[in-house]
Amino acid sequence: MSDELVFHFDIDGEDFTSAGQASVQIKKNLRQLGLPSEIIRRVSIAMYEGEINMVVHARGGKADVIVREDCIEIRLADSGPGIKNIEQAMQEGFSTASDEVRSLGFGAGMGLPNMKRYTDEMHIDSTVGVGTTVTMKVYFPVE
Amino acid sequence: MTVNELVRECSFDVICLADGDREVKGCYIGDLLSWVMGRAREDNAWITIMSNINVVAVASLSDVSCVILAEGVTLDDEVKAVAESKGINVLCSQSPIFETALAVSGKV
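These protein sequence lines map, in sequence, to chains A and B. Residues 696 to 838 (the working numbering) make up the first sequence, in order. Residues 219 to 326 (the working numbering) make up the second sequence, in order.
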């Protein structure tokens, strides 16, 4: 367990235009660790989608990226409104984003599907009125 | 072909050229940012008409080699400064998306 490396970020929910800062930072951090570029790309894109979701729907939250021997785990936790129907939210094209968010190029209903697409494991825990925690894992290729 | 060569061959305007020697491989077109992140490949040239700050983050995270803003779209100074600081190549085409794609086609 001592080999774990944890990066923690507080996601600011006030400023939609600055969303993505944590993902860009984690990308830099993972590059410094010399990890494979495809792994870094998958982790940072999955995290960015999660970050956008937290800003758009939950006024921010917390993100932890844990680098382990066999995988990278991303934990995103917010105290937002929760997801009423996870199965529906996972469908490509389903979105509850506002027109303002859509005008910025988001809200295409691709966020959660992209997070699933780019990670090997994804689990959503959500309670309406309490918040949502998304846990994702990207495994390193076996040599 | 490198981004520098693409600029010359296609007569694109340069908005910011942080890494002109970067190799361009293939092209992706789209304005919905999540769609782009889901589909664009590393080293693609990305043609879009979106120009807000999130474009810079998406370009960085998707590892595209350059963003080509079509229809003469340009960046605000603030967004341009962020693109420069993140090492993102941003070009501008005065043509619509279709003609811009035609110009790039066969070269990357």
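I should point out that these hints are in silico values taken from the structure, not numbers from a laboratory. Just so you know, even glycine gets a beta-carbon here, dropped at the ideal spot from N, CA and C. One should not assume that every hint holds.
[Unchecked claim] Chain A stretches covered by chain B per the calculated footprint, using a threshold of three residues with CB under 8 Å from any CB of chain B:
#	region
1	718-728
2	740-747
[Claimed, not checked] If you anchor each label on the Cβ, the simulated ranges turn out as follows:
#	chain 1	residue 1	chain 2	residue 2	range
3	B	R226	A	V701	28 to 36 Å
4	A	L730	B	K243	19 to 27 Å
5	A	T791	B	E296	25 to 33 Å
6	B	E241	A	G824	45 to 53 Å
7	B	E227	A	H818	43 to 51 Å
8	A	D815	B	D239	41 to 49 Å
9	B	D231	A	S798	22 to 30 Å
10	B	R259	A	T791	27 to 35 Å
11	A	E699	B	S229	50 to 58 Å
12	A	E816	B	G290	29 to 37 Å
13	B	V232	A	S798	21 to 29 Å
14	B	D295	A	I734	15 to 23 Å
15	A	S798	B	N222	30 to 38 Å
16	B	V232	A	T712	38 to 46 Å
Do the hints match the structure? See the list:
no. : hint                         : result
1   : 718-728                      : holds (count 3)
2   : 740-747                      : holds (count 4)
3   : B:R226 to A:V701: 28 to 36 Å : violated, 46 Å
4   : A:L730 to B:K243: 19 to 27 Å : holds, 22 Å
5   : A:T791 to B:E296: 25 to 33 Å : holds, 29 Å
6   : B:E241 to A:G824: 45 to 53 Å : holds, 50 Å
7   : B:E227 to A:H818: 43 to 51 Å : holds, 47 Å
8   : A:D815 to B:D239: 41 to 49 Å : violated, 34 Å
9   : B:D231 to A:S798: 22 to 30 Å : holds, 25 Å
10  : B:R259 to A:T791: 27 to 35 Å : holds, 29 Å
11  : A:E699 to B:S229: 50 to 58 Å : holds, 51 Å
12  : A:E816 to B:G290: 29 to 37 Å : violated, 44 Å
13  : B:V232 to A:S798: 21 to 29 Å : holds, 27 Å
14  : B:D295 to A:I734: 15 to 23 Å : violated, 35 Å
15  : A:S798 to B:N222: 30 to 38 Å : holds, 33 Å
16  : B:V232 to A:T712: 38 to 46 Å : violated, 24 Å
Hints 3, 8, 12, 14 and 16 from the list above are not met by this structure, while the remaining hints are.
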